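As they're listed, the protein sequences go chains A and B. Add 18 to a position in the first sequence, counting from 1, and you land on the number used in my numbering. Add 460 to a position in the second sequence, counting from 1, and you land on the number used in my numbering.
These are calculated hints, taken from the structure and not from any lab test. Remember, it's a predicted structure, so these values are computed and weren't measured experimentally. Treat the hints with care, since some could be wrong.
Label pairs and their computed distance ranges (CB to CB) [unchecked claim]:
#1 A/32 with B/548: 47 to 57 Å
#2 B/640 with A/153: 53 to 63 Å
#3 B/635 with A/202: 56 to 66 Å
#4 B/483 with A/153: 20 to 30 Å
#5 A/127 with B/491: 51 to 61 Å
Heads up, the beta-carbon is just placed ideally off N, CA and C, and yes, glycines get one too.
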Amino acid sequence: MTPAIQIENLTKHYRKLKALDGVSIEVSEGDFFGFLGPNGAGKTTTISVMTGLANFDGGSVRIFGKHVVAEYRETRRMIGLVPQEFNFDPYLSVQQILEFEGGYFGMARRDARKRSEELLEVFDLASKRRDGYKKLSGGMKRRLLIARALMHRPKILILDEPTAGVDVELRHQLWGFLRQLNKEGTTIFLTTHYIEEAEKLCSRIGVIHQGAMVACEATTDLIRKMSGDQVELFLKSRLAVLPEALKGLSVTLEEEGGKLSFEERGELVPKVLKALHESHAEVERIDVRRPTLEDAFLKLTRRKLEMPL
Amino acid sequence: MMSSWTGFRTLIWREVFRFLSVISQTVFPPLVSSFLFILIFGLSLGTRIDEVQGMPYLHFLIPGMIMMHVIEGAYANTSSSLFISRWANNIEELLVTPLSYFEMVLAMLLGGLARSLVTAFGVWGVSLFFARVPVAHPAATLFFLIFVSLIFSAAGMIAALFSEEFEHLTLATTFFITPLVFLGGVFHSITMVPASLKVLTSWNPIFYMVDGMRYGMLGTSDVESATCVTVVLVIFTGLFLYTVYLFRTGYKLRK
């Protein structure tokens, strides 16, 4: 089956800076794809290339088999973009923003009016239809961005950090809406800074770091592959030093000898328990934390958590 | 039902809607200024000037006045519309649509044309308070109105793409367009200026636009109307293709 999005070996420079370095991503139709990376990693640049907002130097980008440069009119018809920044037409009211968008995409006036009414209701913006966008709250503007992108019923919805600065309640509403949209068949390509958001919503994850892809697979596989269970053993009596048998393994002795910590990948627990038994140390409590996408993300991007000042 | 024609038409309407929504800044000022120009230059000073090209100075002045406002209106419309779209970033809203770059440019030019035509008919209406100037060649008049509007609409778009600040747009008007308009024969015939200025005027493209318009309305001109038509068509083709090229390559539009 033709992939919904097929990016192959994409490169782009901003003068001397290499913004994208051979990025390849494949997203199947119906996927909920999460695209993660630290600030400046190349997420927005990749989206901009897909949607026609940025040129690129090498590689190819296809949307349902159509090339985004040679067949840009066809590819743009299939995409709805929710940008990171508010970019509304300052001369139009909320409803006009939607209707003009429908018009640009070729919707007849009556259809655009009907669709805009539907979306104003869905996104709870009906009471603001005659206002300019500057009168809307931040959350309303975010909703309007999504409504605008959905005007022409795109096959692919691309969202560039749609929940940035949105309160918890609205975030959950948007999650519910995106899940529903995906269930109805829309392919979703989402970038976000909230790793929890990606873990909850996305069936597949791509991670970009310094312009290059460092992972691209099913969310559960990525978490399992990148991180084991985080195990903490609290001891009844303190150990002066790490038992000899555990040296060289990724086991650390913490809290003045009262706690052993390690990442379990299927082979360490028996070794640790055996070593403790031989050292006559008794275990008081065991804490096991399942790995999260955040653990995987931090490993992939080699970021260290810093203590707040 | 989705159609490309609808998208094109929507963008034209957006451009028209924009200038109508700020009509007090776009359409009314040229009407007021043309009223004052005709009053002062045509009626007051003009009575002291003998006939020009065989007709009263007031009649001679009106086609030039219309062309001056057509030029300024067309340039102001597209330059401010596109520059504000770049500045507010809502140009992205347009760039992600399936409109072709050709359609985007043409629709914006037609928006500029619409404003120019509204202004032209407005100024002509104002002139009727002072003189009833018959239109000798309606087709030629319409030709010059349309193509000169399109030329300066394209010039406005190019200026909007090259400008980084609002100030740059007004610099182009102050130091380039206004001098060329004033030296282009809006208020005088080329026969009334010294020989050295005649040579300079012959290199001023706006002279051919004003002269062509005068031919259309009054039936008289300083140079052959065919020369005016050729100059206008060549400049229009060049600027239009260059604007489409800038959009196609994404100059200051795409990252």
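To see whether the hints hold, each was checked on the structure:
Taking the beta carbon of each, residue 32 of chain A and residue 548 of chain B are about 23 Å apart, not inside 47 to 57 Å as hinted. Residue 640 of chain B and residue 153 of chain A have their C-beta atoms about 42 Å apart, which leaves the hinted 53 to 63 Å range violated. Our hint of 56 to 66 Å for residue 635 of chain B and residue 202 of chain A holds, since their Cβ atoms are close to 57 Å apart. A hinted range of 20 to 30 Å for the beta carbons of residue 483 of chain B and residue 153 of chain A is consistent with their spacing of about 22 Å.
For residue 127 of chain A and residue 491 of chain B, the hinted distance range of 51 to 61 Å is not satisfied, since their beta carbons lie about 31 Å from each other.
Going down the numbered hints, you'll see the structure goes against 1, 2 and 5, while the others check out.
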